[in-house]
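In terms of my numbering, the sequence shown opens at residue 2 and continues consecutively.
Hints listed in this document are in silico derivations from the structure and should not be mistaken for laboratory results. Note that the coordinates shown come from a computational prediction; the quantities given were computed from them, not determined experimentally. Any given hint could be a false lead.
[Claimed, not checked] Quick list of the computed label-pair ranges, beta carbon to beta carbon:
(1) Asp37 / Ala170: 13 to 23 Å
(2) Asp37 / Gln291: 41 to 51 Å
(3) Gly163 / Asp302: 35 to 45 Å
(4) Phe299 / Arg221: 22 to 32 Å
(5) Gln117 / Gly56: 18 to 28 Å
[Claimed, not checked] Here are the simulated lysine to any residue pairs, SDA-like style, with alpha carbons at most 25 Å apart:
(6) Lys200 / Ala76
(7) Lys200 / Val58
(8) Lys23 / Arg143
(9) Lys200 / Arg143
(10) Lys196 / Leu177
(11) Lys23 / Ser164
(12) Lys23 / Ala170
(13) Lys23 / Gly35
(14) Lys196 / Gln121
Even glycine gets a Cβ: it sits at the ideal position worked out from N, Cα and C.
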Amino acid sequence: SRIPESGSTPTMPLGVPGAPMKATMGSTSAVPDGDDWAFEIKWDGYRTIVHVSDGRVRLQSTAGRDVTDRRPEFAELASAVNAESAILDGELIVLDDNGHPSFELVQRSGIGSDRQAVIQFFDVLQVDGTDTIDVPYLDRRRLLDQLVEPGDNWTVPSFSIGSGAALLAATAEQGLEGVIAKRTDSRYRPGARTKEWRKLKNRTVVELTIGGFTAGTGNRASTFGALLVGRPIDDGRLRFAGGVGTGFDQQMLTSLRDQFRAIAVEDCPFDPPPPSTVARSATWVEPVLQAVVEIAEFTNDGLVRHASFVRLSH
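Work out the full structure: start from the sequences and follow the hints.
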């Protein structure tokens with residue numbers, strides 16, 4: 002595809018925090034349909050902006066930090082880009098032993114790690130000094146396919162037009178995080194969170210024991226901040242599994258607060274106890290209430306990730 006000639010100087014404010022375009026949360030029960038929507042796999046990693054210029058590569062986090070030195074595996078990426086310079090958007094991931102992207106492993110990897118990262122590129126923002134952010138999504142993706150040659154540590158994954166529900170179901174079967182739905186005519190809006198991009202995340206429903214809660218602030222100062230939850234283990238102890246701070250309406254916040262007053266105790270029910278940063282603002286309760294919670298996953302440390310309260314278990 003020919004690079005569009007915008008006739009303007011680059012406008013992408015990539016040196017400021019939050020510059021990448023972001024997706025709003027969508028519902029897995031209402032997946033967009035039709036040929037005006039494209040679907041990509043949602044990779045569980047770190048969003049990364051990649052600058053290629055004069056044979057060099059610079060990696061930038063969403064906060065605007067230069068993280069190039071931590072990722073030597075991308076030193077040769079410039080030779081795989083069919084342009085003198087380019088700005089690319091992608092997700093930096095690290096695979097676990099089962100071949101699944103692991104957010105935890107991204108955090109632990111880097112210089113000195115035995116695990117190498119991979120960048121999944123899904124957008125192009127500039128080529129040879131010409132902005133492409135006003136080019137429709139579908140044309141940007143076709144350009145990206147021609148621009149980046151696949152390598153051991155980078156690739157341009159495929160996408161599909163329509164059939165979003167089927168792709169979402171396939172990601173659930175494979176243990177992947179979900180999909181991103183993007184309007185095929187959408188422009189790239191730096192720093193914006195827009196419904197033209199929607200993230201549809203697979204969720205796991207689990208039942209956890211409530212062992213306490215943290216103090217609330219702001220409009221939740223009179224109720225609580227987060228539930229402190231755990232999972233029973235074989236020897237009868239309750240293992241701390243993290244906090245659940247979202248998913249409550251005001252009625253549930255008030256109801257839970259009132260129930261907690263009747264079962265408050267002095268001693269921590271978790272064994273071993275939570276970190277001191279959690280415990281110092283905690284109020285403990287008898288572990289008699291069970292919460293149904295949606296989570297993205299349990300981390301390797303047994304903690305819930307992206308947890309949201311659904312209801313009390315009966």
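Hints, one by one, checked against the model:
no., hint, result
1, Asp37 / Ala170: 13 to 23 Å, "holds, 21 Å"
2, Asp37 / Gln291: 41 to 51 Å, "holds, 43 Å"
3, Gly163 / Asp302: 35 to 45 Å, "holds, 39 Å"
4, Phe299 / Arg221: 22 to 32 Å, "holds, 26 Å"
5, Gln117 / Gly56: 18 to 28 Å, "holds, 21 Å"
6, Lys200 / Ala76, "violated, 31 Å"
7, Lys200 / Val58, "violated, 28 Å"
8, Lys23 / Arg143, "holds, 20 Å"
9, Lys200 / Arg143, "holds, 21 Å"
10, Lys196 / Leu177, "holds, 22 Å"
11, Lys23 / Ser164, "holds, 22 Å"
12, Lys23 / Ala170, "holds, 23 Å"
13, Lys23 / Gly35, "holds, 22 Å"
14, Lys196 / Gln121, "holds, 22 Å"
Figure legend: structure checked against the earlier numbered hints; hints not met, in rising order: 6, 7.
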